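A.B. asks: Each chain, written out:
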Amino acid sequence: MIAILDYESGNQTSVKRALAFQNIEAVITADAGVIGRADGLIFPGVGAAGQAMGQLRKTGLDVFLRGWVAQNRPLLGVCVGCQVLLDYSEENATQTLGILPGKTRLFEASLKEEDGRPIRIPHIGWNAVHQEKDCLLFEGIAQDAEFYFVHGYYPEPAPECVLATTYYGKSFCSVLGRQNLWATQFHVEKSGPAGLRLLANFCSYCNSL
Amino acid sequence: MLSKRIIPCLDVRAGRLTKGVRFADNRDIGDPVESAARYYDEGADEIVFYDITASAEERGIFLDVVEKVASRIAIPFSVGGGISSVKDMRDVLNAGAEKVSLNSPAVLNPALISAGAEDFGSQAVVLGMDVRRVPVSEAIPSGYEIVIQGGRRPMGLDALAWARRAVELGAGEICLNSIDADGTREGYELTLTRLIATNVRLPVIASGGAGKPEHLYAALTEGRAGAALVASIVHYGEYSIRELKEYLNARGCKARLDGSA
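If you're matching them up, the sequences are chains F and S in order.
Numbering-wise (our numbering), the first sequence opens with residue 19 and increments by one.
Numbering-wise (our numbering), the second sequence opens with residue 49 and increments by one.
Bound conformation, chain F alone (with noise of 0.2 Å):
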């Protein structure tokens, strides 16, 4: 069973309900012993890294998630959800939970398009996500699949975590991990058919285990 991490972030049904639409069975939970029963573990985020950590710290689920990173059990960030694993947010300024090495930074508004125009802040829409390492959670993904993406601030994680890269302004880090854990800059859940399948390769993983 794959529990989902249920903090006020908004969009946690949204993951259930791509996992359901494959038949994959999750539950959404705050509760620390049901989440230890699991086999792994989304955590997913909308809204901004501040409100965020707020509540994770309120919850005690900071100190719940460095735990489990720290016995090396299977969890799966998306969006918020994997830029507050780093050190540092510029978003709200935030302290966040140092898990991974690196921090989130806003897009600086100098970037340009390939047309050479100004980006437009947030990236929202489909990007190419191309594959910098071998990953369990890429297969039957083709190099260069596009997913969805809603963000104003991207991760910057230390080089060795980068798992995939996504091109708007410049090139950031849109997947990145250390053994059992990843996380996703895009929406997984709102990716379609290639983001369902990320899913379903996390979770096969995870009931592998």
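Just so you know, these hints were derived from the structure itself, not from any lab.
Note that the coordinates shown come from a computational prediction; the quantities given were computed from them, not determined experimentally.
A few of these clues could be false.
Said to hold, decoys possible - No more than 30 Å apart at the CA atoms, straight line, and that leaves these computed lysine-lysine pairs for DSSO-like:
hint	chain 1	residue 1	chain 2	residue 2
1	F	K151	S	K135
2	S	K260	S	K67
3	F	K76	S	K135
Using the hints provided, position chain S relative to the given structure of chain F.
C.D. replies: Frame of chain F, contents of chain S only:
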């Protein structure tokens, strides 16, 4: 590089899919849930639902449709029509939509945009603009006026000024609908689309008038829109979403196709 999005728009009345011309003469054209599922399978990048009657009695039926659609598609889903309070926004988001499209009520009460952005984030708030071409005047320097209530009520408000205001208030995207072009299948209003898309730094979704694949190409290149809303062109089976995307890709305008290896 971002792909250009193709977004089918489904107008819903009393739980059924409907389509009009220039905001009138609506007729029943099918089941909204089945249609949404079909567009998803064809490769739609997003789906928009509008509750076009938005009457209190039928709201429950509409929310039920929203919930059913949400369980059948794994792409972004926007819902508009009849959203005039934060509670209305929460209702559709809870039913499974990611975004709300604010239209007439936002013109009457601009604070609705900031309230929505604050509670749900800018990414969840799409400003829907219904616009009509008018003679240039002191009040309407762009020559495009905001009209509300299904095209019945001109507001004396300049479309470009309103778009800029909405950005400040926290809208995350703009869905720009030309009433002059709506349902005509004669092409998007390119001058209007380009005017807003070049002067506002939010993604602009062009709406109204698509009848041929080249109309989409024009809106997404010359018009500088990031996305094209489609209705009649796909509702009657004339073109599939996939055919439209193949056409765009063949002309060098990047659209997302299947991502499986």
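A.B. asks: So, for every hint listed, does it hold in this structure?
C.D. replies: Each hint, compared with the structure:
1. With a C-alpha separation of about 45 Å, the suggested pair K151(F) and K135(S) falls outside the 30 Å cut-off, and the hint is violated.
2. A distance of roughly 17 Å separates the Cα atoms of K260(S) and K67(S); the hinted pair therefore holds under the 30 Å criterion.
3. Simply put, K76(F) and K135(S) have alpha-carbon atoms about 26 Å apart, close enough for the 30 Å limit, and the pair holds.
Of the numbered hints given earlier, the model fails hint 1 alone.
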